[in-house]
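Produce the complete structure using the sequences and hints provided.
Read top to bottom, the protein sequences are chains C and G. Residue 193 in full-length UniProt numbering is what sits at position 193 of the first sequence, and the numbering runs on without skipping anything. Residue 269 in full-length UniProt numbering is what sits at position 269 of the second sequence, and the numbering runs on without skipping anything.
Because the hints were derived from the structure by calculation, they are not lab data. Check before you lean on any hint, since a few could be wrong.
Restraint ranges, calculated between C-beta atoms of paired labels, are given here [what the hints assert, rightly or not]:
no., chain 1, residue 1, chain 2, residue 2, range
1, G, Val283, C, Asp109, 36 to 42 Å
2, G, Asp89, C, Lys459, 55 to 61 Å
3, C, Gly331, G, Asp348, 39 to 45 Å
4, C, Gly463, G, Gly74, 24 to 30 Å
Think of the CB as a built atom: it goes at the ideal place given N, C-alpha and C, for glycine as much as any other residue.
There are 2 protein chains.
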Amino acid sequence: MSKRIVVLGGDATGMSAASTALRHADDGEFEVVVLERGHYTSYSACGIPYWISGHVADRDQLIARTPDEHRAAGIDVRMRAEATAIDLDKRSVSVRGVDDGDTYELGFDELVIATGAVPTVPPLEGSDAQGIFGVQSLEQGEEIVEDLLRGARSDGKGGDGDRRKAVVVGAGYIGVEMAEAMVVRGIDTTVIEHAPEPFTQVDPDMGALIRVAMEGEGMTVVTGVAVDGFDVGEDGRVKAVRAGDAVYPADIVIMGLGVKPNARLAADAGLEIGPSGGIVTDVRMRAAPGVWAGGDCAEVHHRLSGKGVHIALGTHANKHGRIIGTNIAGGYGAFPGVIGTAISKVCDLEIGRTGLTEREADAAGFGYVTATVESTTTAGYWPEAENMTVKVLAEQRTGRLLGAQIVGRTGSGKRIDVFATAIWNAMTVEEMTFMDLSYAPPFSPVWDAVLIAARKAAKEVQGEIPASPV
Amino acid sequence: MSKRIVVLGGDATGMSAASTALRHADDGEFEVVVLERGHYTSYSACGIPYWISGHVADRDQLIARTPDEHRAAGIDVRMRAEATAIDLDKRSVSVRGVDDGDTYELGFDELVIATGAVPTVPPLEGSDAQGIFGVQSLEQGEEIVEDLLRGARSDGKGGDGDRRKAVVVGAGYIGVEMAEAMVVRGIDTTVIEHAPEPFTQVDPDMGALIRVAMEGEGMTVVTGVAVDGFDVGEDGRVKAVRAGDAVYPADIVIMGLGVKPNARLAADAGLEIGPSGGIVTDVRMRAAPGVWAGGDCAEVHHRLSGKGVHIALGTHANKHGRIIGTNIAGGYGAFPGVIGTAISKVCDLEIGRTGLTEREADAAGFGYVTATVESTTTAGYWPEAENMTVKVLAEQRTGRLLGAQIVGRTGSGKRIDVFATAIWNAMTVEEMTFMDLSYAPPFSPVWDAVLIAARKAAKEVQGEIPASPV
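In structure tokens, the structure reads:
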């Protein structure tokens, strides 16, 4: 008799776990049921801002595999079906039809919890007004596009229609990407961020560079103030955002305050939830015997701080799914943890980060030195040379690379992967100084920016060692 | 009394050694004399093809620092002066003025040999004809530019003037870069390569991709034949290149057969020369007490094969110079060796390599598996997604990453540095599989090409392990 795998959530982790398990299984070994409360499976949430901007032309391009495609591969995908409870003793989940309200129990041999994340929504006055949108799901992306189209000018751009002014709340990944999308659509855009500089995923000195670039794109960047609430018109639509002592008129508001793990079901079932709010698993992504969790609802191990962290990112979600599927099928897969690598862009400004920022290093208890260098993406004399700023954190005394941040123009951001690989291997900045990285004038200066930054950091490490070490 | 540092060669290694030593020294500690036989100091030889193509507008952009700039920093730069002998016992070099023939002896306390490389020139009939050029020095670059201008049409392009057809001999780095330069200038270009596929710095299966791209740029690529000689006109100018059974008409010929260490002086002085033809040094780049060698004239340690190799590359030359200068000044600098990382491009095709190719791995005695994957530089749905092919070599049984090669369009090549950093740290392909590399749709698919290639290679490693290991 085949074992039943029940998967909660039909996006990256869930579908990847389902596909991987089936691919490694004998015929008839598994029956796989996926419950998805939304309308879509396996789509790129990370791509939504670029569909909204129009850079990606068609919504369907964001969908890697439709429910029917998964069904053709032998997966019983049940759309608009959500789990309302998990019973670990009875080995079953309670299922409810989102549209019809029908309920039933579904037994499982193996359970995959891939319920994703939910947006952080502060309880603000007027936050349920029309015209205020999150960007978490493809459905929400659709709502934004439809709303913009309703308010657009005849040329398809916002501006002269109803949607002249956008306010984006939060200047993190979603915030800056959505701000870009609004600007690309020709909409006056104001970004409001609580922190002193935008993009708190990097240090404020690097965030200041991002601010300058955002302002250069015509965005208004308001920092250091929290949103107090929304003014709502008689038609029930948002009219303005109140923040600090000011009122920012808004025809549309995008909430980009980040997400938190959607772990309520797991918590109610008695599974362990970590300090990050995510479901705790072992290295094989197992939350309990026969119960697996991964993706945005799970907590993962940070290799530098040693703590559990929550990082909602499609690449991790896909890795988790593959690992879970491999393990369910009887193979061995272990997630080695994260080091906080990420990349984003605002128009042609690229932002990369890996390891720990100063704030994160402080929180983890590290003593560290920093070094910041300016360089170019190519030889300085190359006509297409672009500027980039690289900041490096290295541990005091040991010189171990703790973090790196890059803010620069086209072609700079992906260098963060070199730092990531160095951190992964616990390299010191001294060891990095003479690494054999590729060089040719169209691709880097004779000393690549990575090497220059490492060298400067190594000097700082040297400098802080007392002449007569204790 | 100050110690005298004599430097043979005023390019990357020599001037970097001189500058670094002075920067770390007390006032008056060192007198630094640099002997340079050419007309220029501190220039980017790697940039010459791009100046010839016109992409870099001005020759002076390739010059990082002129003799006078170095003199202002306190270095006694003697141009058009070449050393003709080194006497290690007397601690002196014999110097001859290239233009005036004057000779003198110059004593040294510390000697830096940075005599660079000389082009490989096979003894072919007619090879001293006019119109046949190497691309090793800025002077040679000037000769090519002047020759092309003499033969150019009124619009500045080659074509209707005398320089309608170019033949490039050799399809390595210089060959493909010069072929690009000729094509950019509107000249019909044929590249003749002895090997079965162009660009033997990568494996033939990857070279075949380069061939297709070169042909797509309108170049004629002739492989598997050696050049037999040159037909010379009555005016003493080259008319054609004979190779195999064919004759290739040529108004200009570029020799791109690579370079070999210019180590004759060192050999004559009794310094050890390695199997690669380069000067042997210790890890501090010391060839003998008080005698240092680096850059294109030196042999370096390959971290994978364990052998001495000769790799002429500006980035190594600069590193050597800094290390030598640091050591002369009483500091500590050690060169950690190379892993064969390099990058190049032909028009918008990028080529990266690191570690060992199949041929090199065979020569070193490694058993290995290979994996080749096709991927994209960005999410597949990103409008600017570009194709890339990644090939990985991993050691049998251990799975240690031995090499990687990338051939792809804009934005693909620099990923080679991630592989380089992984090789530097002796990572296995299995360990690389779940590395935390950066992801966002404009920058990579959800599984970066590096990870996909590592995963496929890890499967190959698994596959070749017997089910019941001995």
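Verification of the supplied hints:
no., hint, result
1, Val283(G) - Asp109(C): 36 to 42 Å, "violated (59 Å)"
2, Asp89(G) - Lys459(C): 55 to 61 Å, "violated (39 Å)"
3, Gly331(C) - Asp348(G): 39 to 45 Å, "holds (41 Å)"
4, Gly463(C) - Gly74(G): 24 to 30 Å, "holds (25 Å)"
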